Each structure stands twice: as C-alpha cells, then as structure tokens.
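With the hints as constraints, model all of the structure from the sequences given.
Protein chains in written order, with numbering that gives the first Met the number 0: chain A, 0 to 400; chain B, 0 to 400; chain C, 0 to 400.
Treat the hints as calculated values from the structure; they're not laboratory data.
Here the structure is a predicted model, which means the values were calculated and not measured.
One should not assume that every hint holds.
For chains that are exact copies, the list does not tell them apart, and a pair is met inside one copy or across any two.
[Stated by the list, open to error] Taking lysine-lysine and the DSS-like style, the derived pairs with C-alpha atoms no more than 27 Å apart in a straight line are:
#, residue 1, residue 2
1, K227, K358
2, K286, K12
3, K261, K128
4, K358, K186
5, K261, K320
6, K128, K9
7, K381, K55
Okay, here's what each chain looks like letter by letter:
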Amino acid sequence: MANFDSLVNKIGKLNIDNMYGEDFMQTWHKSDDELKATLNTADALRNLRERNISTKVFDSGLGISIFRDNSTRTRFSFTSACNMLGLAIQDLDEKKSQIAHGETVRETATMISFMADVIGIRDDMYIGKGTKYMHDVIDAVKDSAQQGILEQRPNLVDLQDDEDHPTQALADLDHIIHEYGGIENLKGKKIVMSWAYSPSYGKPLSVAQAIIGLMTRFGMDVTLAHPKGYEVMPEVEEIAKKNAEKSGGSFTKTNDMKEAFKDADVIYCKSWAPFKAMEERTELYGKGDFDGIDKLEEELLQHNAEFKDWSATEEMMKLTKNGNALYMHPLPADITGVSAAEGEVDASVFDRYRDQLYKQASFKPYVIAAMIFLSKFKDPAKVLQDLEDRGTARHEFTGKI
Amino acid sequence: MANFDSLVNKIGKLNIDNMYGEDFMQTWHKSDDELKATLNTADALRNLRERNISTKVFDSGLGISIFRDNSTRTRFSFTSACNMLGLAIQDLDEKKSQIAHGETVRETATMISFMADVIGIRDDMYIGKGTKYMHDVIDAVKDSAQQGILEQRPNLVDLQDDEDHPTQALADLDHIIHEYGGIENLKGKKIVMSWAYSPSYGKPLSVAQAIIGLMTRFGMDVTLAHPKGYEVMPEVEEIAKKNAEKSGGSFTKTNDMKEAFKDADVIYCKSWAPFKAMEERTELYGKGDFDGIDKLEEELLQHNAEFKDWSATEEMMKLTKNGNALYMHPLPADITGVSAAEGEVDASVFDRYRDQLYKQASFKPYVIAAMIFLSKFKDPAKVLQDLEDRGTARHEFTGKI
Amino acid sequence: MANFDSLVNKIGKLNIDNMYGEDFMQTWHKSDDELKATLNTADALRNLRERNISTKVFDSGLGISIFRDNSTRTRFSFTSACNMLGLAIQDLDEKKSQIAHGETVRETATMISFMADVIGIRDDMYIGKGTKYMHDVIDAVKDSAQQGILEQRPNLVDLQDDEDHPTQALADLDHIIHEYGGIENLKGKKIVMSWAYSPSYGKPLSVAQAIIGLMTRFGMDVTLAHPKGYEVMPEVEEIAKKNAEKSGGSFTKTNDMKEAFKDADVIYCKSWAPFKAMEERTELYGKGDFDGIDKLEEELLQHNAEFKDWSATEEMMKLTKNGNALYMHPLPADITGVSAAEGEVDASVFDRYRDQLYKQASFKPYVIAAMIFLSKFKDPAKVLQDLEDRGTARHEFTGKI
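Next comes the structure, spelled out in structure tokens:
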C-alpha cells in the first residue's frame, strides 16, 4: 500500500539511533527526527491494523502500568498499545502492594521488572515530583540491567508527568497533521492554547505545557492565553520560545482571550491550575499541611470563579478563522449545562466537534505503541516492512469484521 | 469426531445472518435459530477444548468488561471466554476512572473501544437502567465506527441487565438439554421457576425473567410460582405467554409453591425482589432519597420474612416427578444452615445436586464465547471446521494434562 | 548451549513422576529429586529466556491468583511466570466478588476454575488457616475434575501459607547455589536464620520456617537464632532436625545472636512474630475478639522493643566468615534510618548487598514457572529440549533488546 510504503520509507531515512533501548519522557528532549519517527510509526502501525495485519512483535512479555492519578483513556490506550504488540498488562496497584512498607523507588522498580518489557507511568499531581519519580525508575532499571539482575531493561513511557504530557500532545499533533494533510502544512497555522474556566480545582498544567512545548516545533504560530495569575512554568515558556525561533514559527502570550481566538486555525481550550499555586500545594503536601491545602483550594476556587467568561462559547468560536477553527480538547471536558453548570465549552460547540474530538483521542494508543516500538527495534522501518510481509491476520479466518 | 461434525453441520444450516456484527441482548430479541446456533457453537467450542484443540481466533485484541455489580462467576466466565478466543481482558473499573468527572456514556464507550473487539456489561441493579445503558453503549460504538473513529466496532455481550440474564439462561438451557439428551426432548417437560425465601434484600428479577422468557421457547411447560406481591414485569410474562403459544408449550402462574412443584421435571428456585418494589427503589434512587430506600428495604425484609416456608426443602422436592426433579440454581445459593439461618434450599438437597449445579455453571464460559464467536464470523460453521483442521494444540508438547 | 544441555540432562535423570498433575505446597512434602528438578527447571527456563527463546507452552489458558495478603513481588513473580508460559492472569479480588455472600471454598474454587490451568494462592495471616484453605481448594478442583465438571484440573502453587513460603525459599536456595557454584558445594556451609527487630507487628513466621525447613535438606549447617519467646512451630523444628540428620548437615538453635553470626557463610535475618502469639491471634480472630487482638498487638510491640539490638549491623556482620557472609532478605526490609528508625539491618550493610539481594529476588518468577511447568508435563526434560529446538524468538525480528 502506497501510504504504508511511504511511511516506512520516511522512517528509514530519519536519524533515530538514540531511540533504541531508550525511554520517552518530555518531547523537548527528543529531536525533530525522533518526533517524526514516532508519528510515522504510529501511522504505520495504524495502517497495518486497519488492514487486519498483526503487529504482534512479542510472543510473550509484560507491560507494567503505574497510575498515580485516575485514568480511563490513558489506561485503555496503554493497554491497547501493549496488546497490539503482544504484551500483557500488569498494573501496579500501590494500594494492594507492600509499598507503604517503606521500600525505595529503586527497589520497587526492580522488583516489578524481572520480566517487564515496558513501564508506563502517570504521575502528574505534584510539581517537581512526577518527572523525578520516572527518572528514579529509569535509573533503577538501567542499573539493575547492568548488574545482570534484569535480563532485559524495560523502557519507560511517560504517560503524563508534572511538566509534560507527551503521549497526549503527540496524539494531538498527529490529529492536526491528518486534518491539514501533512506536517509540511503546519507552517503559518495559528494554534491557541487557552485557559478555560472549570468549577473543579487543580487540574494539571501538563497538557497546556505539552501543547506549547510541542506545537512550536513545526512552524506553527502558537498563542498561549490565560487570565493573569494562571502562568505556566517559565522554563517551558522558554522552551516554546526557542522552539519557535528554530522552527520559523512564533510563540506569543496574552491575557486577552478574544485577541487569542482571532483568526485562529486551531483552538485548544482547557482549564489548569496556576503553576505557583501548584508549587505551593506541593510544598504544603511535603509538610503534610492538609489544612493549608484546603485553604489554598478555597482561594483557588474563588480566584477561578472570577474568570467564568473564559470558555469556548459559540461567540468566541466565531472569532476564529472563518468561524470554524479546529476545536480540540484532551477530554473529558467540562461542558456547560452537561457536565458542569458553567464549564470550558458550550454544549453546542462540543457537539459540533464531537467526532473530531474522538478522532483526536483515537491517535493515542498508536502513539504509545510507536514509542514502545521505537525503543525496542534498532531498525524499525525494517521491522514494519517485515510485519507487512509476514501478513499474519489479527483475527483469523475472516476478511472483515 | 461425530459429535463435532454434527454440531458444525447443524450450525451451517441455521439462518443466522443477523448475528454477524451484532450484539447479544435479551434472548427474546433472538430467533430460535439464533439461540440454537449459540448453544451449538458453545458445545462445538467445548468439544474442541476437550480435545486440546486451540480455539484461538484472535492473534491479539481486547475484551472490555464493565461490572456495575459484584461478580465472581460471570467475571471469570467472561475472562475465560475471551481468553479461549485469544482476547485479553481490560476491566473498566469505574472507581479508578475519571468517569465521575461527568462524561457521557457515549464518550466513555468510544474511549474504551479504540482496540476493543467485544464489550461485556453487567448492569442489573435498577429497573429501566441496565438495558438502556447497554443500548447507549451500542449506539455510541456503532456511531463511532461509522464515523471512522473506531477501526472495528466492538460487539456487546449482555452479562445481565435489569430485565434478562441471557448468558445465565442459555447456560441453564444448555445444561437441561444435555441432561435430557437433546433439545427435541424438552417438549412436555415441566419446569418450575419458583421464588424462594432469602434473608437478603433486593436480588435482581432478571434470572427469573430470563428463565420464563427462554424456557417457553422450546415447548416446555413453564410454571412461575411466587407469593403474592412478588410479581415480575408484566411485559416479560407477556413474552413468556406468546413464546409458549408458538412453541406448543405452556406458561402458568401460581401463588402455591406445592402446586407448582407437583410432578415437575425441573425446579429452578431462587429469591428475587418484587418488580414494583424495584421500580420504587429506582425512583427513590433517581431522587437521591436514600432514607426512602432504607425504609423500603425494611418493609421488603418484613414482607420477605412472611414467606420463609418458600424453600426447596426435602419435603418439597418429594412432590416433584419421582421425587427427583433436576434442581437448578444460578449460584451462589442461600443454603439453610450453611450460608443463611433459613434460606432458599435445604443443605441436603443442595449437596445431592451439587455436582449437577456446578456442571450447570460450567456452560456459561462457552455460551459467552459462542456469543462473541457468532458476532465475529459470517460463516461460523466454516471457522469451527477450520479450527479443527488447523488442529493447533492449546497446550503444546503434550497429549494430555 | 552446554549449561542448558546439562540442566536438561539432569532433569531427565531425576525421579519426578509424582510432580505431574500435582500441586506445590510445603517443600517438606517434596523429595530431594523433586526440589532439584524445580531448581534445574527454573534455571533452564531462565537460560532459554536469556537467549530470547520463547518458553510459551500454552497457546491460551489462565493462571488464577488469590492474594489474601498484600503483595508486590510475589504478585509480579506469579504474573511473570504465567506470562512466560503463555497463560493470562485473572485475579480473584475477594472484595469485588460475591464471596461474602457465604459460598463455600469448594464452590468458589470450582467456579473460578472452568478454564484455569493453575491457581496461585497467598494466605499467610492466620496459623492453621492458609494451608487448610489451599488443601480445600485442591480437594475441590480434584473432585470437580473427576466429576467431569472441569475439563482440566488446575494445579496449585503455594505462594505463601501460614507454615511455609516455598517459592521464596526455593528462590533463595537457587541464589545460594549460584553464589557457591553448585548444590554440591553447600555441604558444611553455615547458614543463620536469625530473628531481627522491626517496629511492625505480626510478620509471618513462614519465611523463617521455610528457610530452616529447606536449607537443612542439602547438607548445610543451619542455625536458628531468636530471642526467647520468638519460637517457631515445633513441628517445623522437628522437620529441620530430621532433614539435617538425613542430609549430613546440622540444625542448631540459639538465643544468642552473636554466637549465631560467628563464622557464618550466609546470614538470613528478618523479623517475625512468635508462633504462640500468632496462634493466640488466630483464636481471637476466630472469636471475633478485635479488642483482644489490639491488646495482644500492644503486648507484642512492647516485647519486640526489648530486642532492638537484634539487627544485621556492621558490627554483627564482622563476626561472620571473613566478615563477608552472604547477606539475604526476602524484601522489603526494615532498614535502619531508611524505612524505620531502628530496623532489621544497617543501611550500609543493605546497600553493600543490594545487588545480591535483588539478584536473590530475581529467581522467584523462574521458580514459580518451574513449579507450573513440572505439574503440566510428564516429560519436562523433553519439553525443554523441544522448546530449544523450536527456537521461537520471544520478541521477533531482532537479535537483542
């Protein structure tokens, strides 16, 4: 198939030597070639699956998941990705384990990895904690593999940390690329990452940061919009700025939602908690000051309530290019009159974009599978070609289900 | 093998075009041929397994389970069915998910289905809710498949709703057929679906309804027995009446347990809550009136206690044909002196029928596997034959375990 | 490969006819040949995996796990063992099941076993309970298989009971054998099973008992050391004594930790609760006397606190042979200054032995896999050879990950 051949061909030409045997953490630690390879591999795996060609590359093996925050779609995406490659899932449920017993991250990481091929972790609740935890896990399994304790070294897939949400942002980017017919068409497109009101408190910053940290890589004009007080981490803004310079795009900030929406091609609009408040919460948490956390929460909710007009309303959407910018959200959204009295988006806007939003979400399992795939094969283009040549049906005895 | 050949032969002659790509909800929405195909396929799959011939038709893929009520045997049956076909299980634990976040059924259904081949749901607690929920899930995944969001459309297996319990009743029917040596021998056999006392409150009606809704399909004489006030849904009684007319059997109701047991060939005897009370509970639940629910529960328990003599005692069993009717129960039973001071059945009766009761339960995994199988293959007879011809050992390198 | 050939050769010569189709409970119910076969099979399976040769002997099938106590490493070890043989895991979470409903062990055991190939159980909390529960499960599935209710009879792997911890002790023994270059080198080596202080209450006796019950089998000089009042079960001491007589080793007891450590080759040092107290707790539990349990706990903690000097300190370790005995622990350990103010071991001792401790733990998945393997194949040596000859890559298309 032409499309598949072209993807495999592209992957074969990219410089991705550093992905083999490595982990997938923040996108800003990956080269453009590495990000392209991830997207192309995701598309190639999806293409094989659509043609009922098995992508099972493991005869047996385990994918370990650790969710330190609730999750439906990321949990199912990780399971799906593992399953399509032939790995079974074993979840580390920290409540059913003896981890409270006081053992170190280093120990737990090794103990769960004797037959692990991949570890997926979501740890996004506390600033400065999630990324550190993941690096501790990586260091532990690397060390244990070097000492001959582990026969293989499981690679880590970052399923959301306190700074970035790489599987989300790459799935989002894949969606945009498909909408615009190619990565080469992103140049000059205006994408807005806008804060929105939600009655809930303390949503992670990592989606907003993931979007500005990734979309600035490929020439887009990225606008970050939020009320005063909802600043994201300065380090990530710095990354976005440098990305834009390098890619020939731009990175702008504004506290005016209308200005942001004007002539936008893509609207990404969701709530998050201010970085400084998240930092304070992490400190209070560290001290075990739960009264302090409650008080902070109250203040945040009051502050939040001042910005109820920050919402992807019909009126706001009219300001976008031709009034029909691509509307995006990582889901679930706080929909006004549906899941919240006042929320991030008008019900009619959400409904109009529903199919596209679900399509957006559909890229995530493939992006995760691609991350695993690229960590496991030195010559992924050849393996993809081998899979097509092998031509095993995913479900046997039938042409179509 | 003769038996296998005969099953495959029968399946090949049935009109089951409407099963391919569809779901399995209430038995009364299935034709006689479709029900027979389900039973024959269950038997054929069991036959292959007994001969250590692999029934794995999926190289990879997922079965999603959603249990909105506790479950051991149905959970294990669904897992077993998926496993024997090559699907891994991913459970949607609504407590660990973000579903409380207010997202719609439509959204959740799509989000868990990107790589789902089948979805099994148990939702039996509230009248009018379970079936509706399942149809919402079906509509959502159908729609998402049509929109190209899902690559495949997972088929739904109803693992118990508020009206019917199709996997239970079909496993039960398969058991009866095996006991009597063929579906053609059911004509004229008397089966009693009798209410029984249990100290617990609010057991689902769906088993009782499933039994009268299914057993009337194949010429049996079905008697529904319960104390006044324990009526089931009138719509299902109507279905049972029409079934009996069509099949040449009969459907009778009585409030006299002794009359019911007299000369019965099969006794199915278990507790349930009255339909009207369940309806009231659903309304109270809808209003969030938990005090009202507690009050209703008390009334029900008092009412219940008036009918402690409704039990499958030795004395009652003596009334049945030759004093040795086939005793059935979906398990677990409230056994007098074992799991309850006074319960649904005498310990000595239960003990005498224990092996048969367990045999009865053993059909469920195969019935579920058959439902999945028939939804996935256009020509299931051919696929079964192909499986025998392929002859892969389920466990390798050995003839017998 | 020479090592693999030699292992297969050894297994082929052992008398292990009684392992086929059977269960793995306490090591003292297994012959020396059976224990050697378990260790050799574990090593052979590990060898295949290290060479990326698939050990998948099941095309489909289920391993059922029942954890009646929290677990990380044993849970992951069991999952890994099942996965490498081709079995999927289904956990029986007693909280999500209807087991509270009052059903019998016999019933539950059958209901979860319709497609089960193996059942792994951890039940170590109450003296006299765990082993009994496991035997009840075994009796149930044996009976159900004989009655034709089950198509196959799942074999049980004891993942820790109230008396023994066979998977732990055999993994430990495999570690010692590897450290000393062969089972024939164990003769005359001194191993100490010593009690140690921990601030927690009521750790199972089963590890200590497992060690003295197993290490006395192969000619080692085994010393059991603990403060007065921390006696283990007299029956197990009796077993250790007889083992030592038969194997040409020795079994000594002491209440003096220093005397025990002197010139020791191997130190196994961990906390446990006294047998008599555990027995009392079981009785109180049986009566539902939870105040009594709290009171007992307090007394135990006070008693415990008198022996804070029982710890694997640097000073104590200096007493061992050349000051560098092999230090062992089943993990997680209570490390002084790390996971406890005062604990079972000095942080510097633990750190120095960390890699060896993790290596020790790495044998457990293979030991469990070997137990399953030997219960499933009449001629395991031939099956191992067949696996090498088949030579399927565990992960395809690549030589090395």
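Hint check results:
For a Cα distance limit of 27 Å, the shortest separation of K227 from K358 qualifies neither inside one copy, at 33 Å, nor across copies, at 54 Å. For the homomeric pair K286 and K12, neither the shortest alpha-carbon distance inside one copy (51 Å) nor that between copies (62 Å) is at most 27 Å. In this assembly of identical chains, the alpha carbons of K261 and K128 never lie at most 27 Å apart, being 37 Å within a copy and 45 Å across copies at closest. Proximity of K358 and K186 under a CA criterion of 27 Å is satisfied intra-copy only: 22 Å inside one chain copy versus 52 Å between copies.
In this assembly of identical chains, the alpha carbons of K261 and K320 lie at most 27 Å apart only when taken from the same copy (7 Å versus 79 Å across copies). In the homo-oligomer, the alpha carbons of K128 and K9 never lie at most 27 Å apart, since the shortest distance is 37 Å inside one protomer and 51 Å across protomers. In this assembly of identical chains, the alpha carbons of K381 and K55 lie at most 27 Å apart whether taken from the same copy (15 Å) or from different copies (25 Å).
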